Amino acid sequence: MSLHEVLPPHQPDEKLKSIIKVAIYAVGGQGGGVLTGWIEDLARAQGFAAQATSVAGVSQRTGATIYYVEMAPMEGGQPVFSLMPAAGDVDVMIAAEWMEAGRAIIRGFVTPERTTLIASTHRNLAVSEKMVPGDGVADPEAVREAAIQTAKRLFAADYEAVAVKNGSIISSTLFGALAASGALPFPREAFEEAIRQSGGKGIEASIRAFGAGYDAALSGDIGKNEPAPRVTDTPVRGPAKLMAAWEKLMTRVRALPAPVAEMAEHGLRKVVGFQDIAYGTDYLDRLAGVLARDHAPWDLSVQAAKYIANAMCYDDVIRVADLKTRGSRFQRIRGEMGAKDQQLMQLTEFMHPRAEEIAGMLPRKWGARVEANPKSMARLNRWFGHGRRIRTDSFRGYAMLYVLGGMKFWRRRTLRHAQEVAHLEAWLTRAMAEADRNYPLAVELIRCRRLIKGYSDTHARGLSKFDRVLAAIDLVAGRDDAADWARRLREAALKDEEGKDLDGAIQTIQSFL
Amino acid sequence: MAERSFKAEVEHLRKGAGETFTGEGILALTKALLESGVGYVGGYQGAPISHMMDVLSDAEELMAELGIRFEANANEAGAAAMLAASVHYPIRGAVTFKGPVGVNVASDALANLTDSGVNGGALIIVGEDYGEGSSIMQERSHAFAMKSQMWLLDPRPNLQAMVDAVHYGFDMSEATNTPVMMIVRIRSCHVTGTFECRDNRRPALTVKDALKNPQTDFTRVVLPPFTYLHEQDKINNRWPAAEKYITEHKLNEFFGPSGGKTGLIVQGGMYNGVIRALQRMGLADLYGNTEVPIYCLNVAYPLVSSEFLAFCEGKDHVLVVEEGHPEFMEQQLSTYLYRAGSSVKLHGKGILPMGGEYTGQVMLDSLTAFLKIAAPGMLPATVRAPNEDKPQLPDLTKVVPMRPPGFCTGCPERPIFAALKMVQQERGKHQITADIGCHLFGAMPPFYVGGATMGYGLGPAANAAFDGGGERRPISIIGDGGFWHNGLNSSIGNMVFNKSDGLVVVVDNYYSAATGGQDVMSSRAVNDTKATNNPISQAVKGIGVTWVRQIDHTYDVPKLKATITEALTTPEKGPKVIVASSECMLNKQRRERPLKAKAIKEGRRVEAPRFGVDETVCTGDHACMRLSGCPSLGLKHTSDPLRDDPVAWIDQTCVGCGNCGEVADAAVLCPSFYRADVVHNPTGFEKWRAGLRARLISWLARRRAARRLEFPV
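Protein sequence lines correspond, in order, to chains A and B. Quick note, the first sequence lines up with residues 45 to 557 if you use my numbering. Quick note, the second sequence lines up with residues 33 to 745 if you use my numbering.
Everything labelled a hint here was simulated from the structure, so no lab data went into it. Fair warning: there could be bad hints in the mix.
[To be verified] Derived, one-sided and incomplete: chain A residues facing chain B with beta-carbon distance under 8 Å:
1. P129
2. A130
3. D179
4. R188
5. T295
6. Q319
7. A322
8. T325
9. D326
10. G379
11. M381
[Claimed, not checked] Below, a list of computed lysine-lysine pairs in the PhoX-like style, where the Cα atoms sit at most 20 Å apart:
12. B:K628 with B:K453
13. B:K591 with A:K539
14. B:K620 with B:K605
15. B:K573 with B:K531
16. B:K240 with A:K245
17. B:K179 with B:K293
18. A:K209 with A:K61
19. B:K668 with A:K245
20. A:K196 with A:K245
21. B:K293 with B:K377
22. B:K620 with A:K539
23. B:K39 with A:K245
24. B:K266 with B:K293
25. A:K384 with B:K630
26. A:K245 with B:K620
27. A:K245 with B:K430
28. B:K39 with B:K562
29. B:K719 with A:K384
30. A:K544 with B:K381
31. B:K377 with A:K209
32. B:K620 with A:K384
33. A:K419 with A:K409
34. A:K384 with B:K628
35. A:K544 with B:K461
36. B:K453 with B:K293
37. A:K209 with A:K409
38. B:K461 with B:K573
39. B:K377 with B:K404
40. B:K620 with B:K630
Since the structure is predicted, the reported quantities are computational estimates derived from the model, not experimental observations. Just so it is clear, CB atoms sit at the ideal spot from N, CA and C, and this is done for glycine as well.
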């Protein structure tokens, strides 16, 4: 063994504390490079030595991108700076997106001893989140909890929305938040000067957004979502006769147990909007059938109120045409597109009806005959089955959809309606069969309705998944943990398009039977 | 036109002696080239040195003033071959490309160049794409320097050190008749800082002048018996000359106290990371003054035995900090110690990890581990005996999604992959190979189109084993960049010659887009110094392909689908080539946005398209996402308690490319998409007609609303 040198233990150079380390996590295309440039210019203008680095390979191509700046007062020579952030050694972490803040926390760049975390709460969803047929969106609350725990100081706000509102991009608002945080020893004017000195376009918008970002950082929003206004708070409008009928239905709703009543009001609005008052009566009758066999705390009825409404409001051509020709729609879209008064807006709808949709619009018996005959279906496809672009800002296009949307009087006679009603009744009967035997399973069976959504092929796939889930539930129906399995099967079915997760879950069930 | 313009920065390249340059690494390197009297420069773009090609391109005027020739080479092999000019002529030449993939492509020419030896200085600046942010396999260019015996510089990552390396690199190349390779890592390319300028220098002999007086020397030809002589020359003359040059000019640096029982031997590129770790341990100050002796190898190859052994003299433990694997330097240095009969204990891999980037944490942990063995007395008490409980940080690894790069908003390649996915849904899964370029993102979710990628321009070649055909035709994808880099010959030519029955989809976006939008031969732009507008379809016909389809609007998904299906089913034999062309949206936006803004300002009629989704019509099934993945197409949760799943939503970054509508149509998805074209400066007639329409439509809408219950949201 070799002899060790015996040296007194060392204390770090006091001057090392003067290095300020700033890391920026952004998604490609957010202007992370611009922000880095401003910070660097700002530091130099204030008499600091500064060094910036970036990994720019995928900076504009939607991937996660990291920038890093170090600075220290210029006195007594050129400091040696690091080219990359180190875990536990970052003073300011700027995350230009909420999950990127999470990524920075995972990497250890946010620590309670030193890190000021400036993070935008908006989401820029990753493809993996968007692809999921169910809800694949990552949990923002988990990041919020972690941010509060790990950051020394947290300045979280929706800097993206603030930027858009001010006609700029997020780099400006984040720079404002950085100024507001006080993490850099420079006055606000110096920040603004850095923007002005950088030249280029949109300086005024950048300055405006900078100020708004500054204010947003100080307003103390830590990523909580505003509670959305209740849908049922908005009043119902209509001719007196219909209003009277509506009030009658609402009297029935108000007589329901409280949790059921709340959901049933939403459901009733949807169902009556879809068809008419009589349809609403049907809805409440069906719900009453469930309620009669339910008991407090009314889980089964609440779920039934939700999913019966969804099942009754199937997506047919009439519904789509009706929704697309509502009076407020054109103005709403104009507003969303930011069209000004002197500008016009053209509106193009993309429709692609198939033979199935056309046959579904025929009277029940006739439609069934057509659907059973491949030749007729092929003919329908030839006549109607191609993509249509309909200009709903033109009178012709609008009128066409308007006429279709007005065919509610015809709906109850159609093949599609007959099919939907049959499917609904079969599902409801199946679920209610469990109501007394295995109550939790009945609730889960009601919830399985969530699997049916989408149009054409997607809808067909949803139906087949629904059938497979129900068939698999039949296999376990006698077991005590049947409800648990039903929930697992449904969640698996919502995980991926092809149903691989569902296959796996079904295989597991088969393995222990 | 490249993605980033350096026109403004290029003006700084005119600075002279006494002035200070402030800016980015690649600009500093360019400035150093101008100061070194270089006669010609060239290269091929690729991260992290893409922007260096852009800087050179933007500085073409300045270089022309100085008599410097700039060549945008067809590929890295072409760039390396260009250095042949320095074999016979006393002209300095420099090329740049990425490593190690670019070096792979260039290796044939580099081996020949090194064998011949150079008269004028030859410098190869390699952007080493390793570690975080890298887009390629994790390997080292180091091996190429060793196998061909080129000198390898790895300067400290600050502007002054990098600029100095260019200068002594040329000098050393000339002193040793050997080309010099200089590696700069990803962050070094983009690191900012300052350095003291020298005056720009015209080459003593320009390439133009050289053509007046051509020179040859048959002993420099790579043919026996000269190759045997070259080998001996390398060993007996060039190597000793290099050692002499390195020691005499003190290219490697020593920091810290001269004695001591421990020492660190670090690659130049690792220096800042090592200093930061020492700073955090209290063993170095702000300015890098270290208490642990450091031998900094700005020359990574050759390693000078005498210099190294002198450093080790009297030490018990040394640590080699060498990033990447295999650990070539560590092996060589171990051999030196062994041959010298030294008892110094050499550490390296083992304390440091074999693979992966040497991040701040890795460096801190490894140096701490080393000093615990070698000199525990130097460590602060807290490190020697840590007793604090580190707080448990919340685990977000299951929450935060991966975010790999993908197609940009409005990318013209997205519909191509949507069409390929749909065709496969109808006709079954096909054997598909991919190439290098943005289109490789098609292999990612949501498309999963394309598997193996064997190199730039080698997509179709990678399917050659399947050229004999089978039940379903093999498909391969190649971009316009790869096509001109190597693909026309290695891929398409190979298919024609071997009577392949497969399909090639050429993704033509008018640029070498993935590397930053440089022009290629088929670019549609007019370029003053390059010959563009050479159609790919003409090239493939010229090489013997008979089944060629040109698609000029990739957003037409039904047409793409039909054309791909035709290619997969036609009885015609031989390779089928579909050239799918639409301009890279990043470049298109950059080009068109200012023009549009100007037109609107001037009062001309302009339509601005954007897509939207009817929230009430969308059922939240996300089928559209699985054929798009566009960044502007997102999801949002509704406030409707009847709905479980978030609905599709298009934000203000939508550029109205049309993919959403086309896909909804071609895949028969759903009717919730609409396109809204805002018409700026409409004509008088249009306004009158729109007014009339609006009155009629709102009358109809009001009529219906009055007869039913309305539930405003």
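Verification of the supplied hints:
1. P129: holds (7 Å)
2. A130: Because about 2 Å separates A130 of chain A from the closest Cβ in chain B, which is inside the 8 Å limit, the hint holds.
3. D179: holds (5 Å)
4. R188: violated (10 Å)
5. T295: Interface hint status for T295 of chain A: violated (16 Å vs cutoff 8 Å).
6. Q319: violated (10 Å)
7. A322: With a minimum Cβ separation of about 12 Å from chain B (threshold 8 Å), the hint on A322 of chain A is violated.
8. T325: Not OK, violated: T325 of chain A not within 8 Å of chain B, min 13 Å.
9. D326: For D326 of chain A, the interface hint is violated, since the closest Cβ of chain B sits about 16 Å away, which is over 8 Å.
10. G379: violated (11 Å)
11. M381: holds (5 Å)
12. B:K628 with B:K453: At roughly 34 Å apart (the allowed maximum being 20 Å), K453 of chain B and K628 of chain B break the hint.
13. B:K591 with A:K539: violated (32 Å)
14. B:K620 with B:K605: violated (37 Å)
15. B:K573 with B:K531: holds (14 Å)
16. B:K240 with A:K245: violated (41 Å)
17. B:K179 with B:K293: violated (34 Å)
18. A:K209 with A:K61: Cα-Cα ~38 Å, so violated.
19. B:K668 with A:K245: violated (32 Å)
20. A:K196 with A:K245: Not satisfied, since the Cα-Cα distance of roughly 35 Å exceeds 20 Å.
21. B:K293 with B:K377: With Cα atoms ~11 Å apart, K293 of chain B and K377 of chain B stay inside 20 Å; holds.
22. B:K620 with A:K539: violated (37 Å)
23. B:K39 with A:K245: Roughly 16 Å between the alpha carbons, so the hint for K39 of chain B and K245 of chain A holds.
24. B:K266 with B:K293: Roughly 36 Å separates the two Cα atoms, so the pair is violated.
25. A:K384 with B:K630: OK: K384 of chain A and K630 of chain B at ~18 Å, within 20 Å.
26. A:K245 with B:K620: Given that 20 Å is the threshold and the Cα spacing comes to 18 Å, the pair holds.
27. A:K245 with B:K430: violated (41 Å)
28. B:K39 with B:K562: holds (18 Å)
29. B:K719 with A:K384: Holds - the C-alpha atoms of K384 of chain A and K719 of chain B are around 13 Å apart, at most 20 Å.
30. A:K544 with B:K381: Violated - the C-alpha atoms of K381 of chain B and K544 of chain A are around 43 Å apart, more than 20 Å.
31. B:K377 with A:K209: Violated, at about 63 Å.
32. B:K620 with A:K384: It is violated: about 25 Å lies between the C-alpha atoms, which goes past 20 Å.
33. A:K419 with A:K409: holds (17 Å)
34. A:K384 with B:K628: holds (17 Å)
35. A:K544 with B:K461: Holds, because 16 Å separates the two Cα atoms, which is no more than 20 Å.
36. B:K453 with B:K293: Violated, at roughly 64 Å.
37. A:K209 with A:K409: violated (55 Å)
38. B:K461 with B:K573: Distance ~29 Å between K461 of chain B and K573 of chain B Cα, so the pair is violated.
39. B:K377 with B:K404: This hinted pair holds, its Cα atoms lying about 14 Å apart.
40. B:K620 with B:K630: holds (16 Å)
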